[in-house]
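A.B. asks: Read off the chains here:
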Amino acid sequence: MTPEEIKTKVRAFLLKYIKKPDLQDDEDYFASKLINSLFAMQLVMFVEKEFKVKVEDKDLDIKNFNSIDSISSLVTRKLGC
Amino acid sequence: MELTQEQEQAQGEFKAFVNEHVVPYADTFDREQKIPEELIALIAQKGFFGLIVPKDYGGMAADMITYGLLCEEMGCGSASLLSLLTVHGMVIQAIMRWGSSVLKERWLRKLAAGEIIGAFALTEPNVGSDAKSVETVAVKKDSGFVLTGKKKWTSFGQRADLFMIIAQCEGKPTAFLLEKGTPGFTVTPITDTFGFRAAMMAELTMDNCLITEENMVGRIGFGVTHVATHALDYGRYTVGWGCVGLARACLEASLKYTAQRVQFGTYLRKHQLIQHMITDMIASVTAARLLCLNAGHLKDAGDHRTIMETAIAKYFASTMVVKTALDAVQIHGANGISSDYPVARYLRDAKVMEIIEGSSQMQQIIIARYGYQEYL
Chain Y
2 MTPEEIKTKV RAFLLKYIKK PDLQDDEDYF ASKLINSLFA MQLVMFVEKE FKVKVEDKDL
62 DIKNFNSIDS ISSLVTRKLG C
Chain U
78 MELTQEQEQA QGEFKAFVNE HVVPYADTFD REQKIPEELI ALIAQKGFFG LIVPKDYGGM
138 AADMITYGLL CEEMGCGSAS LLSLLTVHGM VIQAIMRWGS SVLKERWLRK LAAGEIIGAF
198 ALTEPNVGSD AKSVETVAVK KDSGFVLTGK KKWTSFGQRA DLFMIIAQCE GKPTAFLLEK
258 GTPGFTVTPI TDTFGFRAAM MAELTMDNCL ITEENMVGRI GFGVTHVATH ALDYGRYTVG
318 WGCVGLARAC LEASLKYTAQ RVQFGTYLRK HQLIQHMITD MIASVTAARL LCLNAGHLKD
378 AGDHRTIMET AIAKYFASTM VVKTALDAVQ IHGANGISSD YPVARYLRDA KVMEIIEGSS
438 QMQQIIIARY GYQEYL
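Each protein sequence line maps, in turn, to chains Y and U.
Whatever position you read off the first sequence (first residue = 1), add 1 for my numbering.
Whatever position you read off the second sequence (first residue = 1), add 77 for my numbering.
Because the hints were derived from the structure by calculation, they are not lab data.
Note that beta-carbon positions come from the ideal geometry of N, C-alpha and C, so glycine has one too.
A few of these clues could be false.
Some but not every residue of chain Y turned toward chain U, in silico, with C-beta under 10 Å [stated by the list, open to error]:
1. K17
2. Y30
3. V45
Which chain U residues stay away from chain Y? Per the calculated CB distances, all over 10 Å, these [stated by the list, open to error]:
4. G258
5. G298
6. L350
7. M385
8. E451
9. L453
Isolated chain Y, as found in the complex (with noise of 0.2 Å):
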């Protein structure tokens, strides 16, 4: 899978959540608060069963979720990609 494929899911499944068509790459949507309090467990969970990768500990970094560019980075990182 491609990094540019990585980005298209997230993007695809952030969308469907944070209801923002022009929502930015790089755009920080924990910090503009569109989205509720159980969305940190269903993103994780979206990313370890779509892109099979397990998510742990050491990945709890705010900077590791908080846009469609860093979710893609955590991703492409996990599988080597």
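Got chain Y sorted already, so can you dock chain U onto it with the hints?
C.D. replies: Positioned in the frame of chain Y, the structure of chain U alone reads:
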């Protein structure tokens, strides 16, 4: 949704266990406000505490549907006992999901074997639903963290050996493990509650309790969004199933009573207004069970939709069990408010289900918001 042969077999075992060891004594547990040690030991011996823990950690690696079936039977026997499985399991889940390898090695085997009991301490005297505003504080020191604050309504706090504490660390909610016996830690029993009287609730006081650094679960700032959210999702799942069991107990008691009680020269079961209530009970229990099964299947599939589906299942099941228990008491008439029948306990316990692991009102906020995401 059909059960597998293994799930049906497990269901039979759970039912037999509860019928033998719980149902005959549940009213006594309620009166004495305690779950006996012998029963906790029996549950441990059967492996129920570690039912969904991986085999690597001494568990039985069962699926979530099987675990739901256990919770249904426990809820049918004693809601207080169900809450032991809930809070103990919440600690296990939090460690399995976000604990370091050190914490997993140190605690999971003991928790799975029931050698130690876990309890989940989020709620405080001043903080309930607003979890991110907990007032308990964790201060980083060279040798670890120092915890100071109070927790309240901690189920099995009187009995637990290991507590998951959510505290503010550097101003951000963070999860920690605290052992009973830590200097500065005291447990004060809470008694005479309306329901869940045998859930051995407690208020916990932490006065400069020093814990080692490795007792942090996850990372600073992730105590609510990731650790507690994951644990509460699991907790809601067990409560949803427990409500199915408790409602089934209401239904079964009502079926039995109406088949024996005669008024106006005929059995109560022949009266259409009674049939109305029985019908609502059957439909409600069936619907709640299907919602729980759906949430469980999604959990086993690792599907993120399970989080919302579990909230929906818990919301529906907890509201329906209150209505079901009210009807069960109504059907029993004056007998329903006496201690000669279990339905008064069922009603008291049912009400608690609407409050714990996220109140019905919190579920309504979350589910309504989800509706605008999913359907708009």
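A.B. asks: Which earlier hints can't be squared with this structure?
C.D. replies: Of the numbered hints given earlier, those the structure breaks are 2, 5, 7, 8 and 9, listed in rising order.
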